[in-house]
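Residue numbers (this note's numbering), protein chains in the order written: chain A, 6 to 227; chain B, 648 to 1012.
Calculated from the structure, these hints are not laboratory results.
None of the hints are false.
Here are the simulated DSSO-like pairs of lysine-lysine, each with C-alpha atoms no more than 27 Å apart in a straight line:
{"id": "1", "chain 1": "B", "residue 1": "Lys785", "chain 2": "B", "residue 2": "Lys695"}
{"id": "2", "chain 1": "A", "residue 1": "Lys36", "chain 2": "B", "residue 2": "Lys1008"}
{"id": "3", "chain 1": "A", "residue 1": "Lys117", "chain 2": "B", "residue 2": "Lys991"}
{"id": "4", "chain 1": "A", "residue 1": "Lys57", "chain 2": "B", "residue 2": "Lys1008"}
{"id": "5", "chain 1": "A", "residue 1": "Lys102", "chain 2": "A", "residue 2": "Lys70"}
{"id": "6", "chain 1": "A", "residue 1": "Lys56", "chain 2": "A", "residue 2": "Lys130"}
{"id": "7", "chain 1": "A", "residue 1": "Lys70", "chain 2": "B", "residue 2": "Lys1008"}
{"id": "8", "chain 1": "A", "residue 1": "Lys70", "chain 2": "A", "residue 2": "Lys211"}
{"id": "9", "chain 1": "B", "residue 1": "Lys1008", "chain 2": "A", "residue 2": "Lys56"}
{"id": "10", "chain 1": "B", "residue 1": "Lys1008", "chain 2": "A", "residue 2": "Lys117"}
{"id": "11", "chain 1": "A", "residue 1": "Lys102", "chain 2": "A", "residue 2": "Lys117"}
{"id": "12", "chain 1": "B", "residue 1": "Lys918", "chain 2": "B", "residue 2": "Lys695"}
{"id": "13", "chain 1": "B", "residue 1": "Lys969", "chain 2": "A", "residue 2": "Lys57"}
{"id": "14", "chain 1": "B", "residue 1": "Lys887", "chain 2": "B", "residue 2": "Lys856"}
{"id": "15", "chain 1": "B", "residue 1": "Lys856", "chain 2": "B", "residue 2": "Lys889"}
{"id": "16", "chain 1": "A", "residue 1": "Lys57", "chain 2": "B", "residue 2": "Lys990"}
{"id": "17", "chain 1": "B", "residue 1": "Lys992", "chain 2": "A", "residue 2": "Lys117"}
{"id": "18", "chain 1": "B", "residue 1": "Lys992", "chain 2": "A", "residue 2": "Lys70"}
{"id": "19", "chain 1": "B", "residue 1": "Lys990", "chain 2": "A", "residue 2": "Lys70"}
{"id": "20", "chain 1": "A", "residue 1": "Lys70", "chain 2": "B", "residue 2": "Lys991"}
{"id": "21", "chain 1": "A", "residue 1": "Lys38", "chain 2": "B", "residue 2": "Lys1008"}
{"id": "22", "chain 1": "B", "residue 1": "Lys695", "chain 2": "B", "residue 2": "Lys740"}
{"id": "23", "chain 1": "B", "residue 1": "Lys941", "chain 2": "B", "residue 2": "Lys887"}
{"id": "24", "chain 1": "B", "residue 1": "Lys992", "chain 2": "A", "residue 2": "Lys57"}
{"id": "25", "chain 1": "B", "residue 1": "Lys969", "chain 2": "A", "residue 2": "Lys56"}
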Amino acid sequence: MSRTPNKLLVEGHDDLFSVVGLMRQYVNWPKDKDDAPVFIQVGYGADNILKKEFISTSIKESNTKTLGVMLDADLDANSRFTSFRNLCLDYFPAMPKQLPANGLILDNADGKRIGLWIMPDNISKGAIELFLKFLVPDTGVPSWQHAIKSVAEAKGKGATYRDCHVDKANLYSWLAWQDEPGQNPGHALTRKVLDAKAPSAAPFVKWFLELYSLQPSINLQS
Amino acid sequence: MIHSIEIDGYRGFDRFEMNDLGLVNLLVGGNNSGKTSVLEAIYLLTSKGDPMSIWQLLWRRGEHIPDERPREVQPEFDICHLFNGHDLQIGSKFSLSAKNQSPKRTIDFEIAEPTSKDREKIRVDGSSARFPLVLHIKGTQVPADTLIPISSKGGIPAEAFEMPRRMRNRIIDDAGRTQFITTESLNARALIGMWDKIALTPNEELVLKAIRFLDPSIERIASHSSGDFFNTSRGGFKIKQKGRELPIPIGSMGDGMWRMLALAIAISRSKDGVLLVDEIDTGLHYSVMAEMWKLLYNAAIQLNVQIFATTHSSDCVNSLAKICNDGQDIQHRVTLNRIETGKKKSIPYTEGEIRMAAEQKIEVR
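Make the full structure from the sequences, and use the hints.
Right, dumping it as structure tokens:
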């Protein structure tokens, strides 16, 4: 049973690992789930999370004071936001009509706070893999170029990935060649194969820390 | 069916309302949030201002005025705790309202100084010095303006309810009346009295079905004739199990069986009325909760009984999801409401939300 009043809803397990792998480079994140600064719940897809009752019951949970939601934009960040907004209006009547470029953080009169980040950057289409792509360190760029090229070539040899998922194919192909092969993005961040301190991570990190009122730690336990 | 209730000034509530109620209504909330008080308010409402229902609530809570003379004839019931702030003065008042169809029906309970006409109505012996105040019960549901004398200690003598001591354990049993089950459940004598009206009727099958959830080998149940036992807390029934020649007393079967029996008997006697159950999960293992809800839900539909229950148990809340649909059928709606101290409205959950919370392990309590 989680003791924290902070909750984050994410679409899938890889999202969960990615957030933990990233944020533990900024705040203490103990191994025991019950002690985590934010309880991360997997919602199994945006369609499920955006079902009317998921958001409303999560907001009404009495021991949750701050509810954050992280979704992939997929084809249209704006329509994701509109769906989300409609579900929240009853509880957060002051919700803006546009998603702020740096992510949403909003308090209501009942002392509840809600947050939203639409991957990669609240504006573009795409998903978390596009966000993670910008965390490839400079040293990884040549092999990254190779990954993109290989993925494109594989299409010609019968690979079945859909074009809308090319960012995911690129990322996981690149990860397959790193030390250790096949690790999920969360591990890659923890092992510094992906650079959690890259400048493009900063807006998301800032949103997260502010949403949950967390202070960045200087001395982090690894 | 009660669609909404409003409570003003009763016990810990200054103002409180609960709306969009349904056929089965579960209340959750922290300790001392007022869940039991809400059940009591509904009890008073459905009793239409019958003073006897006040007596029963106070007796259940043990709110007697301690007596300096221990062998004194009748205990007095301390009613100040019914009033928000425990404040008893002329003008102290609480109101309960229920919306059934459209018009709101209200019952007011107010402390006043009795007029001389009032004194004629009060049928208790005693000078005006002994009873300086009265409790007025009036409202749209109350058949006639009711007056109850109040002593200088703020107590209501039991004799004011015309209840001699020996009748205190009398079975209160009218069909269509509200049944209120608490953690102690009904006592054996009351349960037997109700069972007598169920035995050999179609409802007997309902009761058997209920206890068979806990023990499928039960073939029959019967009550002892009244000479066989004294007023024990568990007793008075014997069970015949398949494969065992001699019947065994129900007391051998544990708390859960007693609870299930009490629930089944109570709902059978609540036709067209209301069933109130405090801490409905008491004595019941999580594995039987889903069956319990199904049993109660079906009985509620069959017998036209509106159910209000409270719980602390997450298993109880999650298994409620099993009888939830999409909330479109208002007549058979299932609701969950969380009561939070200090909030004037309950936090409601629709049937879809109850199911979602159970599925996704989101906390509703």
